[in-house]
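Could you put the whole structure together from the sequences, leaning on the hints where they help?
Just so you know, the sequences run in chain order E and C. With my numbering, letter number 187 in the first sequence gets 187, and the count goes up by one each step, no holes. With my numbering, letter number 86 in the second sequence gets 86, and the count goes up by one each step, no holes.
Simulated from the structure, these hints should not be mistaken for laboratory data. The model shown is predicted, which means the values in this text are computed figures rather than measured ones. Among the hints, a few may not be true.
As the list claims (entries may be wrong) - Using 25 Å as the maximum straight-line C-alpha spacing, the simulated SDA-like pairs for lysine to any residue come out as follows:
id, chain 1, residue 1, chain 2, residue 2
1, E, 70, E, 40
2, E, 106, C, 95
3, E, 70, C, 178
4, E, 70, C, 97
5, E, 70, C, 47
6, C, 178, E, 106
7, C, 178, C, 34
8, C, 178, E, 138
9, C, 178, E, 139
10, E, 70, C, 16
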Amino acid sequence: MKTILSNSASTLAFRLLWLTTPVGFLSCAWAADIQVKVADQRGRPIEGAVVWVDESAKNLPPLDVEISQKNRQFHPEVTVIPVGSKVRFPNRDSVQHHVYSFSPAKSFDIPLYIGEAANPVIFGRPGIVTIGCNIHDWMSASILILETTKFAKTNATGIATLKDLPASTRALKIWHPRLRGDPVAWTPEQGESASQAAVTLTLRPAFPRTPPQDEGGTYR
Amino acid sequence: MVFLAFALPTFAASPEIDANVWGRWESNVSNSDVAADRLSDGFFGMRVSAGSGGVLGRDWRWRAAAVGEGELAIHFTGLGFLEGGANLGLERKFGLGWQAPRLQADFLSTMRGDGQPGASGVRIAPSVGVVWQGGERWGLRVRYTPEWFLAQSTVFDSFSNAVGIAGWYDLFPSTRLKLGYTFRYGDVVSYAVPPRPDLVANSEARAFTNVFGAERVVYRLEAATHSIEAAVTQGITEVLGLQATYRWEITEGQGLVYENHIIELGIHAGF
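Here it is as structure tokens:
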């Protein structure tokens, strides 16, 4: 099954082309959608949670994506890529940023720059990478590097839909940047629909990570 | 200072305005050791800081700001003042990331116009300190500040050294608890109802003042002050916060002991 899911236009074009092939058409006949509803411990829908098929696919087509810095924030806050993808970090602010990561899946730093960073960063290992700015401590974003291209993010109502999955797909994982602990695994229990899932994540609060102001103002 | 901020465009200046307004009550504005002499008062104040900051390299940051502050006293109007000046700061970060400790050095210099005759002057307060955000929810700050105040009248001249340690803990994402302790040693100015012949031996400088209505003697002496502070800050929006502070101070020296209880409610806006 080579159906690829992603939000990018290029991937969409690839899927349309794939469906025109005989194998693609047949595989589509067996495809199914899974709708996942993600809520927090109080039952409120969670936007921006990532849902993906728990698999270890090989030879994934790498993506070339960007995480920009604008108004001293990262955009987007959560990026999902297959292993081997490239991420560019353009700084669209008028102040310098210094992007870094200590995460085991990819440790790097891009010292002080404005505009385009010198080189994109390639993420060759699966895992979760948290990036920050060494100048502006409140800036934070996450990159989820997966061994699959079958993933989706939840919308404002907490719903993510994974489309055109093989009917045999049973295991999903769900994650959010403020999740306590590892990604949550989901498989349908006996009698439970395999096409709809409801998952509860226990999220931790987001703290500002900035020292209180002193008499001399703040360093920003 | 403002010139410096705009003269360094290559250092990616980032403009910054902070404003604080507050109401404060002090149990012993006269710093009196004798209960009968002790007077309390309330104040309304405002402080504005406008400047810029940026980076000077991988590990260094700077800030420069013009600062203005003023207070009005409710009963003893002579205790009000207006102060304006500038602050220059430099920060060295030891390592990468938000948990890296920082060494900060600041130089604050202001001119003060005081409601009390002879109490206007120039304040110079360099400081050096370390800030460490130990975890996502908590951090520590240690700071040493020598301070000179060069007044029109020698009785208000002062020099002091202060060392403070403060810690903060975020109870909730928008609610921060701060606790601090400061030790200060240096000149203090106290007021007493005359006659106080005992002050002659202890005080280097004395004068008479009517700032509290009836004539009092104002005198300067060296003393040690311990202060303990607790504050709760509540963020209202991204740029607006409320703060409630309680501070207890005890000052001892040259045979003089006095206490002060201070309660302050403030609003902070930062852009």
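Going through the hints against the structure:
1. For the hint linking residue 70 of chain E to residue 40 of chain E, the alpha-carbon distance of about 29 Å lies beyond 25 Å, and the restraint is violated.
2. Between the alpha carbons of residue 106 of chain E and residue 95 of chain C the distance comes to roughly 18 Å, so the proposed pair stays at or under 25 Å and holds.
3. For a cut-off of 25 Å, the pair hint linking residue 70 of chain E to residue 178 of chain C is broken: about 31 Å separates their Cα positions.
4. Under the criterion of a C-alpha separation no larger than 25 Å, the hint pairing residue 70 of chain E with residue 97 of chain C is consistent with the structure, at around 19 Å.
5. Restraint check for residue 70 of chain E and residue 47 of chain C: not satisfied, since their Cα atoms lie roughly 30 Å apart, outside the 25 Å limit.
6. Simply put, residue 178 of chain C and residue 106 of chain E have alpha-carbon atoms about 35 Å apart, too far for the 25 Å limit, and the pair is violated.
7. Restraint check for residue 178 of chain C and residue 34 of chain C: not satisfied, since their Cα atoms lie roughly 32 Å apart, outside the 25 Å limit.
8. A threshold of 25 Å between alpha carbons decides the hint, and for residue 178 of chain C with residue 138 of chain E the separation of about 19 Å falls inside it, so the pair holds.
9. Between residue 178 of chain C and residue 139 of chain E the CA atoms are separated by roughly 23 Å; this keeps the pair inside 25 Å, and the hint holds.
10. Distance hint between residue 70 of chain E and residue 16 of chain C is fulfilled; the C-alpha atoms sit about 17 Å from each other, no more than 25 Å.
Hint violations for this structure: numbers 1, 3, 5, 6 and 7, all remaining hints satisfied.
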